[in-house]
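Undergrad: Next come the chains, spelled out residue by residue.
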Amino acid sequence: MLRFLSKRVVQIVILLFIYVTIVFWLMEALPGSFLDKYLMNPKITPEIRENLKRQFGFDKPVLTRYLYYMKNFLVLDLGVSFSYFPKKVTSIIFERLPRTVFLFVTSTLVSYAFGYTLGKRSAWRRGKVIDQVTTFTGIVFWTIFLPLLAIFNIWLFGVILGILPLNQFIDPNLWRNVSFSAQDLFLKLLLNAFIFLIVFLTIMIISRRLKTINAKRILLYVSLIGTIIISISIWILSGRAIYAWDIIKHMVLPVFTLTLYSFAGSMLVMRDTMLDVIREDYITTAKAKGLPDKVVRDKHAARNALLPLMTNFVISLGFTISGGIITETMFSWPGLGRAYLEALSQQDTPLLIGLLVFTGVFVLIAHLVADILYAFLDPRIRY
Amino acid sequence: MVEAIIKEPLWKIRLKLWARSFKTGWELFREKKLALFGLSVIIFFAIFGLVYPLYPSIMRAVFWKDDPFGYQTFAPYDPIIGFDPHIMNHPSPPSLRHPLGTDPLGRDILSMIMYSTPREFILGITAALITVVIGTIIGASCAYYGGVIDTFFMRLADIVMLFPSLALLMVLSAFIDLTLFRLALIIGMLSGFGSITLVLKAQALTIKVRPFIEAAKSTGASDAYIIFRHIIPNILPLSFLYMMLNVTGAIFTEATLSFLGLANIRMSWGVIIQMAESSGYLMGASIGTYWWLWLPAGACITLLCSAFYFLGRGLEEIVNPRLRKR
Amino acid sequence: MLLSVRDLRMHYKTKMGYVKAVDGINFDLDSGESLGIVGESGCGKTSISMTILRLLPDNAEFKSGSVFFDMGNGPVDLVKLDESQMREYRWRGISMIFQAAMNSLNPVYRVGDQIIEAIQNHFPQVPVDKAREKVAELFELVGLDPSRMDQYPHQYSGGMKQRAVIAMALACDPRVIIADEPTTALDVIVQDRILKEIRKIQKKLNMAMIYISHDIAVIAEVSDKIAVMYAGKFAELADSVTIFKKPMHPYTYGLMHAFPSTVGEKTDLVTIPGEPPNLLNPPKGCRFAPRCPKADELCMNEEPRYIEVEKGHFVACHHPVKSGEVVQFYEQ
Ligand SMILES: Nc1ncnc2c1ncn2[C@@H]1O[C@H](COP(=O)(O)OP(=O)(O)O)[C@@H](O)[C@H]1O
Ligand code: SF4
Ligand SMILES: [Mg+2]
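Chains as they are written, first to last, in the numbering used here: chain A, 1 to 383; chain B, 1001 to 1326; chain C, 2001 to 2332.
Bound conformation, chain A alone (with noise of 0.2 angstroms):
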């Protein structure tokens, strides 16, 4: 495992130079740059204007400057923005990463947990009325034009039924006079998320260790619950509560929208596997030792599928990450997609190679991640 594990990080880091490289390069290559655009500037006087070239490294050929990132890049510094100037590239990852991972992180977790539920069910009925249901409604989500979607979802809950707000992150009106940043709050949020996931994932540990299923229902159930009127209170005893209550419903439509766009992924390679798993023998023999359908369908046959699905979702990460650009563009949301989109309008070259190796980074640490689930999934799997 481990010999597996060091000869795979090497890989993923030669990997990861080539990358940065090439990236680099890419936007060298880039027509024109930021400073041409800003240094056009006739109140800017030509001292200040070789200053400015100085300070941004332009002054120095190409590969002394590729040199010179590779290097800092080492020690994970991604250099200055332009258009932030002078707030380091990795300042505004770091602020505007809660967000997108928030974004992604939700509408992954959502759909994946829609696409296996559905997959399943859908493959052990099928050919019935709802598998065709599903397949065909899973399919047209899978191919819809997502602005499509997003547009539409602005228009039916934003403007038809008023219940959600349009886009953007707050709303600028209630947090004119508040002391206290939304990024602040938010991450006060996230923690809270992650605390009841935390939660959820013990209570789940622990309710197998129970005998009958009702006590498992109930000690999920109770302490689900409690949590959650816990977390209320809180929020509603720090006087904040609508302040969050401002940021959450501006969340809802963006995750719901990816999700719903994204869950037919898991969904399709879900049902697949299953309907190959199904035929196996060990199926028939689940089934002839007595066991629930229930039971037959989860514990044999879904538990099967699961390492597929794993692979499904490392290789359509970069079709979620495409799509999670278009949904923070769709919905105002100042994420590190909305970031990119700005960044290559101005052309921030620094803000843009700090993006893509960001992402670049964040896909090859995904793909370590798998392989050693991989191994926790399927114990034919020894490194």
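Some hints here could point you the wrong way.
To be verified - Taking lysine-lysine pairs in the DSSO-like style, the calculated list, with each CA pair at most 27 angstroms apart, reads:
1. C:K2284 <-> C:K2063
2. B:K1016 <-> A:K128
3. A:K294 <-> C:K2130
4. C:K2322 <-> A:K128
5. C:K2322 <-> C:K2246
6. B:K1023 <-> C:K2322
7. A:K287 <-> C:K2013
8. A:K294 <-> C:K2134
9. C:K2284 <-> A:K287
10. A:K71 <-> A:K60
11. C:K2063 <-> A:K128
12. B:K1033 <-> C:K2294
13. C:K2080 <-> A:K287
14. C:K2130 <-> A:K216
15. A:K294 <-> C:K2080
16. C:K2130 <-> A:K287
17. B:K1023 <-> C:K2015
18. C:K2134 <-> A:K299
19. B:K1033 <-> C:K2013
20. A:K287 <-> C:K2063
21. A:K299 <-> A:K128
22. C:K2284 <-> C:K2204
23. B:K1032 <-> C:K2013
24. C:K2245 <-> C:K2203
25. A:K87 <-> A:K128
26. B:K1033 <-> B:K1023
27. C:K2284 <-> A:K128
28. C:K2015 <-> B:K1032
29. A:K128 <-> C:K2015
30. C:K2015 <-> C:K2246
31. C:K2130 <-> A:K299
32. B:K1033 <-> A:K128
33. A:K287 <-> A:K299
34. C:K2015 <-> B:K1016
These aren't lab readings, by the way, just hints derived from the structure by calculation.
Fit chains B and C with the ligands to the known structure of chain A by using the hints.
TA: Leaving out everything else, chains B and C with the ligands in the frame of chain A:
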């Protein structure tokens, strides 16, 4: 009897075999209702696009009899420079003369959609064709040669897969003028060097170990001959299936780039929606009021994309029930 | 009687029509007894066992018949039970060793856990440690090292998996075990050893067994009674000595003569000229008629009834082979 068989030319036998396998494939395919649905949608759009040239003349004959002057001067059905002077405020809602209304510049939306249809097909199919040609050749060669060639292309695929394709295309749009053909070329190449090579290589590997490859080698056939005459024909069904799935991706990507205003395409379904967005009709409460600006075009993108996907999935169940990826 | 199957009929619905895989099967089985079912592959052997256990694919249509099964409180017709009642009988009443034993174990669970699962499913009050003891016992019984119960299937060899599957079949002390080609995938030496062991265990636990195989040598080794199956029907059923010494159905006769003695060299069944009929569209009269040297007008038009000619000896033939008669099979 034997002589009769030999007398028949080889191509005729091939054709017969091909026809037979096509027939059994069709029998299987006919049962996949969703795939049939996809095929009919594709055929519908093909016809829809082909009859575009008739659309203005039909409209003129039916609705412009009383005003030949206006029709001639302003070309109300030109998808790019058209304008209808009889309507005060553009965009105007659907009416008899403009079944899907007009856009902010006074152009006929239905005309724009029909005009774009063949272009979507060309883009999607060109891109997918490039992807599949590259993927098939590389996949087959990697499987056949192994070694350095294999390692090189597999690592290349790793790197290509690292780039989120939309993000990369967005950057490329800054220094390449993304016309329809260039866009098709780039989309095709990006996915051609990516994950498709892995799948096709896996398939080619199963063929490489078949006895007829060994037999061909022992008769002294060249590598290229074996790859092109023995390996590739056997992975072609799978390639074809991936082609269908890739059409979906290509059309989607084009629409997104056009929508973001990053492609240099004069008219396409994505451009229609971008037009609505950039002139502010997708903001706030007016979205629903001006639905004809985005809904028909968006629905067309979605329909055509899912049609190819349905078709691909239907073929997949015939060609290969095991390998599945997006 | 432990198990009585009466007039069992099950057909598969396909695009081309009905595959008449199980078409009027009758037999009885007492505890401690072992019945062997032999027949060419595709004649419907597996379908019989799946019909009894009601583990049929979606396109299967149960036509008629009853399966009376006695768990000690009087015979119950399994056919009439609903799904949840039927589950009670699976594994506890009738368990199975499947044709593809290699793939009968779920790759992602420990072998021991899969056996414990079966035990706890039928006896929920049994605690895990008791169940583990039972598994250890079973492992000893089938000749596996009990310490292997916490390993995964892929860590087992083919023969070991086969033993584990046998242990699993024994887990709930079933009344009947159906072994469907239990050793076909194994090499001959392992095959032989495992057959002997199954037989030993069966004798020891006084269980009833149904062996299914296309290989008459295997069946001969382990069965008290033998049923010869042909195209969805039983051609002949008798105790194994009678089947070998005094076969009355021409098909059985052909089998025995294609395969000279129990000790001789193994020959495949297909030495009887011709092909088994297509079950989609079997011959109108006797299904064996197209291949039978004794076939006449009557055989072509009328199906022979399956009757008991002597005590415990059933034959379905208009012109049974008399003792001493020589039937000559010709290449058609
Ligand atoms: N699900 C099915 N659908 C249609 N035909 C089937 C199905 N399963 C088996 N058959 C057919 O039924 C016949 C009996 O099959 P089976 O019981 O597996 O035979 P055996 O076990 O004796 O080899 C075969 O001709 C087989 O092709
Ligand atoms: S019934 Fe006739 S055809 Fe059938 S086995 Fe007997 S003799 Fe042969
Ligand atoms: Mg069988």
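Undergrad: Each hint: holds or not?
TA: Outcome of the hint check:
About 19 angstroms separates the Cα atoms of K2284 of chain C and K2063 of chain C, which keeps this hinted pair within 27 angstroms; it holds. Simply put, K1016 of chain B and K128 of chain A have alpha-carbon atoms about 37 angstroms apart, too far for the 27 angstroms limit, and the pair is violated. Restraint check for K294 of chain A and K2130 of chain C: satisfied, since their Cα atoms lie roughly 26 angstroms apart, inside the 27 angstroms limit. A hinted pair counts as satisfied when its Cα atoms are at most 27 angstroms apart, and K2322 of chain C with K128 of chain A does not qualify at roughly 55 angstroms.
Simply put, K2322 of chain C and K2246 of chain C have alpha-carbon atoms about 8 angstroms apart, close enough for the 27 angstroms limit, and the pair holds. Straight-line distance between C-alpha atoms of K1023 of chain B and K2322 of chain C comes to about 52 angstroms, which puts the hinted pair past the 27 angstroms bound. Taking the CA atoms of K287 of chain A and K2013 of chain C, the gap is near 22 angstroms; set against the 27 angstroms cutoff, the hint holds. With a C-alpha separation of about 26 angstroms, the suggested pairing of K294 of chain A with K2134 of chain C holds against the 27 angstroms cut-off.
Restraint check for K2284 of chain C and K287 of chain A: not satisfied, since their Cα atoms lie roughly 36 angstroms apart, outside the 27 angstroms limit. For the proposed pair K71 of chain A and K60 of chain A, the alpha carbon gap of about 15 angstroms is at most 27 angstroms, so the pair holds. As the CA atoms of K2063 of chain C and K128 of chain A are separated by approximately 23 angstroms, the hinted pair is consistent with the 27 angstroms bound. Between K1033 of chain B and K2294 of chain C the CA atoms are separated by roughly 51 angstroms; this puts the pair beyond 27 angstroms, and the hint is violated.
Simply put, K2080 of chain C and K287 of chain A have alpha-carbon atoms about 18 angstroms apart, close enough for the 27 angstroms limit, and the pair holds. Taken as a hint, the K2130 of chain C and K216 of chain A pair is honoured in the structure, with Cα atoms around 23 angstroms apart against an allowance of 27 angstroms. A threshold of 27 angstroms between alpha carbons decides the hint, and for K294 of chain A with K2080 of chain C the separation of about 22 angstroms falls inside it, so the pair holds. At most 27 angstroms may separate the alpha-carbon atoms for a hinted pair to count; K2130 of chain C and K287 of chain A meet this at roughly 24 angstroms.
Under the criterion of a C-alpha separation no larger than 27 angstroms, the hint pairing K1023 of chain B with K2015 of chain C is consistent with the structure, at around 16 angstroms. Restraint check: the Cα-Cα separation between K2134 of chain C and K299 of chain A comes to about 23 angstroms, which is no more than 27 angstroms; the hinted pair holds. Our distance criterion of 27 angstroms between C-alpha atoms is met by K1033 of chain B and K2013 of chain C, whose separation comes to about 20 angstroms. Our distance criterion of 27 angstroms between C-alpha atoms is met by K287 of chain A and K2063 of chain C, whose separation comes to about 22 angstroms.
Proposed proximity of K299 of chain A and K128 of chain A is supported: the alpha carbons are some 22 angstroms apart, at most 27 angstroms. Taking the CA atoms of K2284 of chain C and K2204 of chain C, the gap is about 45 angstroms. The hint is violated against a cut of 27 angstroms. Among the hinted pairs, K1032 of chain B with K2013 of chain C is consistent with the structure: their alpha-carbon atoms are about 19 angstroms apart, no more than 27 angstroms. With a C-alpha separation of about 24 angstroms, the suggested pairing of K2245 of chain C with K2203 of chain C holds against the 27 angstroms cut-off.
Between K87 of chain A and K128 of chain A the CA atoms are separated by roughly 57 angstroms; this puts the pair beyond 27 angstroms, and the hint is violated. For a cut-off of 27 angstroms, the pair hint linking K1033 of chain B to K1023 of chain B stands: about 17 angstroms separates their Cα positions. About 36 angstroms separates the Cα atoms of K2284 of chain C and K128 of chain A, which puts this hinted pair outside 27 angstroms; it is violated. Of the pairs offered as hints, the one joining K2015 of chain C and K1032 of chain B holds, with about 14 angstroms between alpha carbons and a cut-off of 27 angstroms not exceeded.
Under the criterion of a C-alpha separation no larger than 27 angstroms, the hint pairing K128 of chain A with K2015 of chain C is consistent with the structure, at around 18 angstroms. Our distance criterion of 27 angstroms between C-alpha atoms is broken by K2015 of chain C and K2246 of chain C, whose separation comes to about 42 angstroms. Straight-line distance between C-alpha atoms of K2130 of chain C and K299 of chain A comes to about 22 angstroms, which keeps the hinted pair within the 27 angstroms bound. Taking the CA atoms of K1033 of chain B and K128 of chain A, the gap is about 13 angstroms. The hint holds against a cut of 27 angstroms.
For a cut-off of 27 angstroms, the pair hint linking K287 of chain A to K299 of chain A stands: about 12 angstroms separates their Cα positions. Taken as a hint, the K2015 of chain C and K1016 of chain B pair is honoured in the structure, with Cα atoms around 25 angstroms apart against an allowance of 27 angstroms.
Checked against the numbered hints above, the structure violates hints 2, 4, 6, 9, 12, 22, 25, 27, 30; every other hint is satisfied.
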